[in-house]
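Sequences are here, hints too, so could you generate the full structure?
Residue numbers (this note's numbering), protein chains in the order written: chain A, 1 to 316; chain B, 1 to 290; chain C, 1 to 666.
Where hints are given, some of them may not hold.
To be verified - Per the computed footprint, the stretches of chain C lying under chain A, defined by three or more beta-carbons under 8 angstroms from a beta-carbon of chain A, are:
#, stretch
1, 89-96
2, 111-125
Claimed, not checked - Here are a few chain C residues that sit away from chain B, every Cβ distance over 10 angstroms (derived from the structure):
#, residue
3, R131
4, S201
5, I277
6, P285
7, I318
8, E470
9, H479
10, L520
11, S534
12, P638
13, F647
14, V658
Rather than coming from a laboratory, the hints here were simulated on the basis of the structure. We put the CB at the ideal spot given by N, CA and C, even for glycine.
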Amino acid sequence: MSILRLLASRILLSALTLLIVSVLIFLILEALPGDIATRILGRDATAKALEVLRSQLHLDQPPLTRYFHWLGNLLHGDFGASLATGRPIADVLGPRIVNTLLLSLFAFALYLVLALVPAIIQATNRGKAVDNVISVITLVLLSLPDFLLATILLFLFAVAIPILPALATVSENSTWPEMLRAMILPATTLAIMMAVYAIRVLRDSLIEVLRSDYVRLAELKGLRPAAVLWRHALPNALVPALNVTALNLGFLIGGVVIVERVFSYPGFGTLLIDALQLRDIPLIKATVMISAAVYVAANLVADICAVLLQPRLRTR
Amino acid sequence: MTAIVSRPARSLHGWHTTPGPFKAGAVILGVHLLFAIVGVFWTPYGYAEMGAGLPLSGTSWQHPMGLDQIGRDVFSRFMYGAHIVLLLSFAGTVLGMVTGAAIGLISGYVGGWLDDILQRVVEAMISIPFLALALVMIIAAGPALAGQPALIIVVVAIVYAPRITRIARAAAMEVATREYVAAAELRGEGTLSVVFREILPNTANVLLVEFSLRLSYAPILIGALGFLGFGIRPPTPEWGLMISENRNLLIASPMTVFGPGLGLASLVIGFNLFTDGLSRMLGQRPVMGA
Amino acid sequence: MKPLIEVRNLGIAYGRPGSWTSVVQGVSFDFARGEAFGLVGESGCGKSTVAYRLLGYGTVNSLAQTGEVLFDGVDLLKLDARSLARLRGNRIALVPQNPTTSLSPGMRVGAQIREMITTHRALPAGMTMERRLAELFTLVGLPDVGHRYPHELSGGQQQRVTIAMAVSCNPDLLVLDEPTTGLDVTTQRQIIQLLQSLRSSIGMAMLYVTHDLALLSQIADRVGVMYAGQLVEIAPCDALLSAPVHPYSRGLIASIPTIDGASSGRGLRGMLRRDQIPSGCKFEPRCDFAKADCKGTPQTLEPVGKERAVACMRWKDIEPAAAELTRAARSPQPDTEVGAVLSVEDLALSYQSPSVLRTFLGKADSIVARDISFELKPGEVVALVGESGSGKSTIARAISGRLQPRSGGIHLDGNALAPVLRRRSVEQLRQIQYIFQNPDASLNPRRRIRSILERPLRHFGIKSDGETLETVLESVGLHAGYLNRFPEQLSGGERQRIAIARALLVNPKLLICDEILSALDVSVQSRIVELLQSLKKQHSVAMLFISHDLAVVQQLADKVAVLYRGELLQMADTATLLESPLHPYTQILLEAAPGLRKDQYVSRSPATPGETSTGGQGCPLAGRCHRQIGKICAESRPPVRSTETGFIRCHIPGSQLVRGNELAAA
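Right, here's the structure in full:
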């Protein structure tokens, strides 16, 4: 009962957050003072071109009307038409989202392994050489900008030792092995970038849990070390890591922008950059809304997982 | 949530008692600072000087990072770019910090509907991936402002402010339950007096670590904007922009890319080590995540 | 008979290789199968460190440097991890200090017990796991809670679960690490009774670690007193309590407040400072009987009479502890004609949810106190007593203005006080001063003591000169040297003194003391009580003294108001209340107070909370009252009757109440 209510209130809050996101995006893109058309086309644009753009964006209508019109369509799943191509945005988005989803799933699977294994090794060998070595590696990787890490991996595995393709160009005709091979480098970049954050948090929380009273009692009950780790320590240590994972999913959406660009992967991220470069306002609004929705949904899932892992939260 | 509120700092002096990471970080940052200052006044060649040597001729003693496609000396550009990266990062983070901390502390202490509303807006701003938010704001600013340092600073501040607000708010809420805050309220002290006399000093550790953490990430964020072509306007040599410009030379002359890359990475490593040491000294654990 | 546990010359150090700091030295004791051995001492004396070694356990940064711990002849310090795991839980089990943090939060409690039985294959032949669990729960007096998560149980229930778990494999030895410290006095008593009955039914040996001597008297056969890592006295429990030999034991026993106000000798002075331990007798700096050569001569346990040993070379010279009776100094009865400083009428309190959003999500508020009425005269000390959660502090919050009452009025000097803090005048704020429970949190750690004390002076515009602060520090027993320190550099007791000084500095009419002793060590407590007694005489300030500790209340208060679940059940003169408690709940409270009146110890099991009345209807005590007279108790509000010195709220007619009291006393 209470868990359903908790769920309902979280979903309601998420919806509210997305509503505010839509207001913010609209305010930033369309309600700033000054003429939008001039801002898009630049000061040298002809009066005619400006006029065409204004009518395309319905700038003759008051902002409030435009906002509710856009929101109404959004709720029906209608993102409008792209300014640059005139095609319905939903059609443009579809295949790109599928590509990015595949990439993200691959990256996420890698992430779980890359985060869990080092963290457990570190926490159970606290203060020893392994712990320190992993800490240093994590710190260095944490300090590498994603575009640099992507470039380094590309240089290493596509230029210096050419075993993988430098460009992850895939199309509808690509076969599965081709797709996977193309995705190895971008997915690895994303997974490493996410994992370095999670490793530190997971290591610290695992160490804290290993010091807790209930882990000590579990040891003093005479349980085997493996049982103590898997049954008592890990489930409780995962909770802070879950929050990081949710944050990481938010990062993933931003990260794909960079990584797809470096490897020319035809996904959602490259679409966003294209839209920004072409100042394709409807497409920008749609892509940003979708990325915010993904982030909010990821947080919702993380919240629910946290409740499942920590029964204590249920009655709050 | 873990306890993130300040314990009183142990005495900060005594170089040999400070944690190793802090020292290493401070040394790296010191070198960067020195390098940046020298770069403002002297570089081997002009940063926009074309034909400093044969384009694509690779690395040599004259050109330790090689030359770019139009024959500019990459090392000179790298040197001149150092102070730009540092200044933009610092200014953006400070601006974001001041706004975020002020809003967060007051909101967390006052609570009520003001807090409810602010929290929702902060939540919404954080929901937009920060890179997307930054890019959208740059587009919205229009071509006239694009590429201006001031715009980059404001964008960094706006991206950071809600995240800092959240941390400051949580810290303020925890400190607000302390009885010395209740004691001040019972004396009839005003909101600002309580926030700045009682709460701020006791959240200083959290905020300091948060500042350091945000500062570490600023060069990456600014670099990413430059890399994608939405950052500082060329030919000003911001490092992310240089990496992007020279990516075509990756095979012919890798140092044109990895030179600036190394600079960026070492700067961030310096910041991260510094943050690590600082948080250890202040008894804090840095709050992770983008 | 061969002892079950033999600890020989145990020495333990903390630190890391190269820099070990010795914390336990030369500890030796033994006890037999079925015997209960108590280990007592102030916090930090090393008693828990020793106790955990009986499970073969030490933290990563500790090292057993010397000695051996023999369990049934096997040295636990030399066993490998695998053999230890076979013993732990199976033959030696632990009841931890804090059940709330010791039960795995994500696992049902039944599963946690089952896990232990499965690991040690300890299921009795021919019994199913389900039946064994049910049997264990019955044994510890719990309903079948196996499917519950730890957080769904109360602290007392959680401790019963850990006890059930500890006995689930029928161990030979139970190590109990302060098992009742975090619990209510009444729950504490129930747990002690449970342990007593388990001991007689199962017959295992116990090592009971606590700082509470009074509690040990109810369970232990023999007691070892520890000070600064050494055993200073070992004696049968009764002998120790009636005639302690070591000066430290004497001080420890004298520090226990008693209802009768009787105390044997003076309490402990000073506190254990690790940096001031002499090479000889470690207790020398705090010892009233120390001579010059004590400082340099190490003390060892020497047998003194039967079953008794003490580590003090001067024990023979010290006179046997003389029981000197000192009544608490009580101020002359305040004149009844004088108007009240504070009067509270029909106060009802609830925690309102401040957030619009939360109200929107349907979180209702609940009443935490109702029908609260009482008065304080100038210079009078009224104590508000009750179990934790009874609403004591909530009432204090409302009076101080930090919580807006739902209804009712609060008057200061006859003038109505605004319900909201911000509407009260600066003058009114000055007249009511509040001292908080936790001295660690009531002083801003970032400011020096000088700044902490100056702030209220400046805020209220009180004229002061250089000596004002020094004078007030002196009056709370500190000196001017403290002005430049940070709170962190002060001990808990000193911080509480600063908090008291801060309150007195502005000449308040009313002092609200919210559990100000409960965060302090016993020895520190008794000295703060002395301070409050003297301040009460000097300043003639009225005090609302909130406490759960009747013994302290007895020393300080003129009147006592008894609170239960947000309702005042009785109010009377302190002496009257303690001598003839009348109200059933007051009787429960008095009986539950450990060590107060050992001679009058009533071994009636207190009724466990069962069917209760819903809020606002009936008597809050219904379902827990041992003198419940029928349905009326649960269904209608009990009437308020005035008594000679206060009032009483109960359905039982006055005459019967008095008779019940005589029965209990007989």
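Hints and how they fare:
{"no.": "1", "hint": "89-96", "in the structure": "holds (count 5)"}
{"no.": "2", "hint": "111-125", "in the structure": "holds (count 4)"}
{"no.": "3", "hint": "R131", "in the structure": "42 angstroms, holds"}
{"no.": "4", "hint": "S201", "in the structure": "43 angstroms, holds"}
{"no.": "5", "hint": "I277", "in the structure": "24 angstroms, holds"}
{"no.": "6", "hint": "P285", "in the structure": "27 angstroms, holds"}
{"no.": "7", "hint": "I318", "in the structure": "42 angstroms, holds"}
{"no.": "8", "hint": "E470", "in the structure": "22 angstroms, holds"}
{"no.": "9", "hint": "H479", "in the structure": "23 angstroms, holds"}
{"no.": "10", "hint": "L520", "in the structure": "15 angstroms, holds"}
{"no.": "11", "hint": "S534", "in the structure": "23 angstroms, holds"}
{"no.": "12", "hint": "P638", "in the structure": "34 angstroms, holds"}
{"no.": "13", "hint": "F647", "in the structure": "30 angstroms, holds"}
{"no.": "14", "hint": "V658", "in the structure": "42 angstroms, holds"}
Violated hints for the displayed structure: none, as all numbered hints are satisfied.
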